[in-house]
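*Asks:* Take a look at the letters that make up each chain.
There are 2 protein chains.
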Amino acid sequence: MAPAPKDTPGESNTLLEAQDRFVAAWGQMGVVWGISRTMAEVHALLYITDEPLCTDDVMDRLQISRGNASMSLRALVDWGIVTRTHKRGDRKEYFRAEQDVWAMARAIVRERVKREVDPLLANLYEIKDLTQRPAKAARRAGSLPDPLESHHRRLDALIDLTITLQRVAQTFSGPAGRGMAAAASLLQSPLLRRGRPAADDAAVVTDADPATEVPQ
Amino acid sequence: MAPAPKDTPGESNTLLEAQDRFVAAWGQMGVVWGISRTMAEVHALLYITDEPLCTDDVMDRLQISRGNASMSLRALVDWGIVTRTHKRGDRKEYFRAEQDVWAMARAIVRERVKREVDPLLANLYEIKDLTQRPAKAARRAGSLPDPLESHHRRLDALIDLTITLQRVAQTFSGPAGRGMAAAASLLQSPLLRRGRPAADDAAVVTDADPATEVPQ
DNA sequence: TCGAAGTTTCAGAAATCACTGAAACCGAAA
DNA sequence: TTTCGGTTTCAGTGATTTCTGAAACTTCGA
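As they're listed, the protein sequences go chains A and B.
Residues 327 to 542 (the numbering used here) make up the first sequence, in order.
Residues 327 to 542 (the numbering used here) make up the second sequence, in order.
Calculated from the structure, these hints are not laboratory results.
Accuracy of the hints is not assured; some may be wrong.
Below 25 Å or equal to it, Euclidean Cα-Cα: the simulated SDA-like pairs (lysine to any residue) are [stated by the list, open to error]:
(1) B:K418 x B:W405
(2) A:K440 x B:L487
(3) B:K440 x B:V403
(4) A:K440 x B:V357
(5) A:K440 x A:K413
(6) A:K440 x B:G356
(7) B:K413 x B:M385
(8) B:K440 x A:V435
(9) B:K440 x A:L491
(10) B:K440 x A:Q492
(11) B:K440 x B:Q354
(12) A:K413 x A:I390
(13) A:K440 x B:R436
(14) B:K440 x A:R438
(15) B:K440 x B:S396
(16) B:K440 x A:G360
(17) A:K440 x B:W359
(18) B:K413 x B:D386
(19) A:K440 x B:D455
(20) A:K440 x A:R400
(21) A:K440 x A:V358
(22) B:K440 x A:K413
(23) B:K440 x B:A423
(24) A:K440 x B:E377
(25) A:K413 x A:A423
(26) B:K418 x B:G406
(27) A:K413 x A:G393
(28) B:K440 x A:S362
(29) B:K440 x A:R436
(30) A:K440 x B:A433
(31) B:K440 x A:R363
(32) A:K440 x B:K418
(33) A:K440 x B:E475
(34) A:K440 x A:R493
(35) A:K440 x B:S362
(36) B:K440 x B:D386
(37) B:K440 x B:D416
(38) A:K440 x B:T409
(39) B:K440 x B:V358
(40) A:K440 x A:S362
Since the model is a prediction, treat every value here as computed from it, not as a measurement.
Please work from the sequences and hints to get the whole structure.
*Replies:* Dropping the structure here:
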């Protein structure tokens, strides 16, 4: 972590130390999550700090370049977990992190679904399509192409799982979502009749329309 | 993806192509998840293939080294999403992926909680401890150290969120877990009275014992 | 006790990812 | 129009992760 040499008046050194450790730990998690380390660190810093900070504050405290700080801050704003604020008589922009951790969690889930689940689903549909036509032709011709059959069964099971994941996450994080409670009730609703460990009822989505389903 | 030049008798080329695309897509996801690309690809290959494969099969199809293939397979077995099998009169070991996608999902969640959430939680407790003593001393001395106060409130909120996440995931994936339904009912139980978006009731975990809480 | 099948380890190479530092760019207030 | 705060881009560099190829090691059957 940064040396953080100047002892800000009013703040103890042990506090700064604890903050630095937190920033580092959060950065670690960022790596595991596919967020860049710095972006996570910037977020951690803003979250743990009382006052809003400007770009230069972030640069100084984290010892990173202006470009990096600027882009990371922008990305965080895009994610919806950091907001811009201003101070009277100051043209500079200041940044503060969302303080409600549940709102934060929802924003993060929303963004990750958009970036990871949606494209994956589109991909799976597309891959299934690759063998869709041959399979149909073969079936019409009378022969049952066994390998294609099981290939489709597997893909369908995966698509099914992904859709469920997507729905739950969207319900949890969606604009009209009421968070965990909503997601929980969705999980128990007959809409998704899943969750039986060894039940062999994989293929449900059969010929869903890939084009209209996935926005990205 | 690998060229996959030899046309396995009985399997069409479009099938191989689709499989390769699937392997590539799954590998992509692996990167995003902090699993290495190869490990994810090996898993994808085993999942999408009818017959169990041996180490050499994997090496050939994916064009990777023996060491890499061996270690990736071992890791997958450790994760519990791939099992070893044998063929009569053959000393070689063969590998096959868990076919039930829900069991797969549970295994993955279990492993990721162990590797990511548990250590994070331990970290958060430790960081909180760093300022715990100074804060108490100051409080006893009569002064109210405001920055320490809000520092703790933030950390507590985060610890709280992490614990909830941990519990839900463990319920979903635990040995006695019945999957999504169990997780859903946990979410709605009064045990975790969370999920109200803007409710300002963060600090609940106050002085939980860090040592006994986290195994890792 | 040998040898074949299989696993693990590791140093170095390759690939990937993140970051810097500088420059170009933009918009708006003075 | 200039200046200021700020953003974006990018070539080059550094750091980290992943992979290879080979060797050492383990296990077990003959």
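*Asks:* Take the hints in turn and mark each one as holding or not.
*Replies:* Tested hints:
1. For a cut-off of 25 Å, the pair hint linking K418 of chain B to W405 of chain B stands: about 21 Å separates their Cα positions.
2. For the given pair, K440 of chain A sits about 22 Å from L487 of chain B by alpha-carbon distance, which is consistent with the 25 Å threshold.
3. Between K440 of chain B and V403 of chain B the alpha-carbon distance is near 16 Å, which keeps this suggested pair within the 25 Å criterion.
4. Only pairs whose Cα atoms come within 25 Å are accepted, and K440 of chain A paired with V357 of chain B is accepted, the gap being roughly 16 Å.
5. Between K440 of chain A and K413 of chain A, the direct Cα distance comes to roughly 33 Å. Violation of the 25 Å bound is thereby established for this hinted pair.
6. With a C-alpha separation of about 17 Å, the suggested pair K440 of chain A and G356 of chain B falls inside the 25 Å cut-off, and the hint holds.
7. With a CA separation close to 19 Å, the supplied pair K413 of chain B and M385 of chain B stays within the 25 Å bound.
8. Between K440 of chain B and V435 of chain A, the direct Cα distance comes to roughly 20 Å. Compliance with the 25 Å bound is thereby established for this hinted pair.
9. Of the pairs offered as hints, the one joining K440 of chain B and L491 of chain A holds, with about 20 Å between alpha carbons and a cut-off of 25 Å not exceeded.
10. Straight-line distance between C-alpha atoms of K440 of chain B and Q492 of chain A comes to about 23 Å, which keeps the hinted pair within the 25 Å bound.
11. At most 25 Å may separate the alpha-carbon atoms for a hinted pair to count; K440 of chain B and Q354 of chain B meet this at roughly 22 Å.
12. About 24 Å separates the Cα atoms of K413 of chain A and I390 of chain A, which keeps this hinted pair within 25 Å; it holds.
13. Restraint check for K440 of chain A and R436 of chain B: the C-alpha separation of about 24 Å stays at or below 25 Å, so the hint holds.
14. Between K440 of chain B and R438 of chain A the CA atoms are separated by roughly 21 Å; this keeps the pair inside 25 Å, and the hint holds.
15. Pair hint K440 of chain B plus S396 of chain B holds up; C-alpha atoms about 23 Å apart against a cutoff of 25 Å.
16. For the hint linking K440 of chain B to G360 of chain A, the alpha-carbon distance of about 18 Å falls within 25 Å, and the restraint holds.
17. A threshold of 25 Å between alpha carbons decides the hint, and for K440 of chain A with W359 of chain B the separation of about 15 Å falls inside it, so the pair holds.
18. Between K413 of chain B and D386 of chain B the CA atoms are separated by roughly 20 Å; this keeps the pair inside 25 Å, and the hint holds.
19. Taking the CA atoms of K440 of chain A and D455 of chain B, the gap is near 37 Å; set against the 25 Å cutoff, the hint is violated.
20. With a C-alpha separation of about 18 Å, the suggested pair K440 of chain A and R400 of chain A falls inside the 25 Å cut-off, and the hint holds.
21. A threshold of 25 Å between alpha carbons decides the hint, and for K440 of chain A with V358 of chain A the separation of about 18 Å falls inside it, so the pair holds.
22. For the suggested pair K440 of chain B and K413 of chain A, the alpha carbons sit about 44 Å apart, so the restraint of at most 25 Å is broken.
23. A distance of roughly 21 Å separates the Cα atoms of K440 of chain B and A423 of chain B; the hinted pair therefore holds under the 25 Å criterion.
24. At most 25 Å may separate the alpha-carbon atoms for a hinted pair to count; K440 of chain A and E377 of chain B exceed this at roughly 35 Å.
25. Taking the CA atoms of K413 of chain A and A423 of chain A, the gap is about 16 Å. The hint holds against a cut of 25 Å.
26. Distance hint between K418 of chain B and G406 of chain B is fulfilled; the C-alpha atoms sit about 20 Å from each other, no more than 25 Å.
27. Proposed proximity of K413 of chain A and G393 of chain A is supported: the alpha carbons are some 23 Å apart, at most 25 Å.
28. Proximity of K440 of chain B to S362 of chain A is assessed by CA-CA distance (about 22 Å); at most 25 Å being required, the pair is judged to hold.
29. For the given pair, K440 of chain B sits about 24 Å from R436 of chain A by alpha-carbon distance, which is consistent with the 25 Å threshold.
30. Straight-line distance between C-alpha atoms of K440 of chain A and A433 of chain B comes to about 24 Å, which keeps the hinted pair within the 25 Å bound.
31. Proposed proximity of K440 of chain B and R363 of chain A is supported: the alpha carbons are some 21 Å apart, at most 25 Å.
32. Among the hinted pairs, K440 of chain A with K418 of chain B is inconsistent with the structure: their alpha-carbon atoms are about 43 Å apart, more than 25 Å.
33. The suggested pairing of K440 of chain A with E475 of chain B is violated, with an alpha-carbon distance near 36 Å, which exceeds 25 Å.
34. In summary, the hint linking K440 of chain A to R493 of chain A is supported, as the alpha carbons are separated by about 12 Å, within the 25 Å threshold.
35. Our distance criterion of 25 Å between C-alpha atoms is met by K440 of chain A and S362 of chain B, whose separation comes to about 22 Å.
36. Between K440 of chain B and D386 of chain B the alpha-carbon distance is near 33 Å, which puts this suggested pair outside the 25 Å criterion.
37. This hinted pair does not check out: K440 of chain B and D416 of chain B have alpha carbons roughly 36 Å apart, beyond 25 Å.
38. Of the supplied pair hints, the one linking K440 of chain A and T409 of chain B is violated, its CA atoms being roughly 33 Å apart against a limit of 25 Å.
39. Using a Cα cut-off of 25 Å, the hinted pair K440 of chain B and V358 of chain B holds, with the two alpha carbons roughly 18 Å apart.
40. Proposed proximity of K440 of chain A and S362 of chain A is supported: the alpha carbons are some 17 Å apart, at most 25 Å.
The structure does not agree with the numbered hints 5, 19, 22, 24, 32, 33, 36, 37 and 38 stated previously, though it agrees with the rest.
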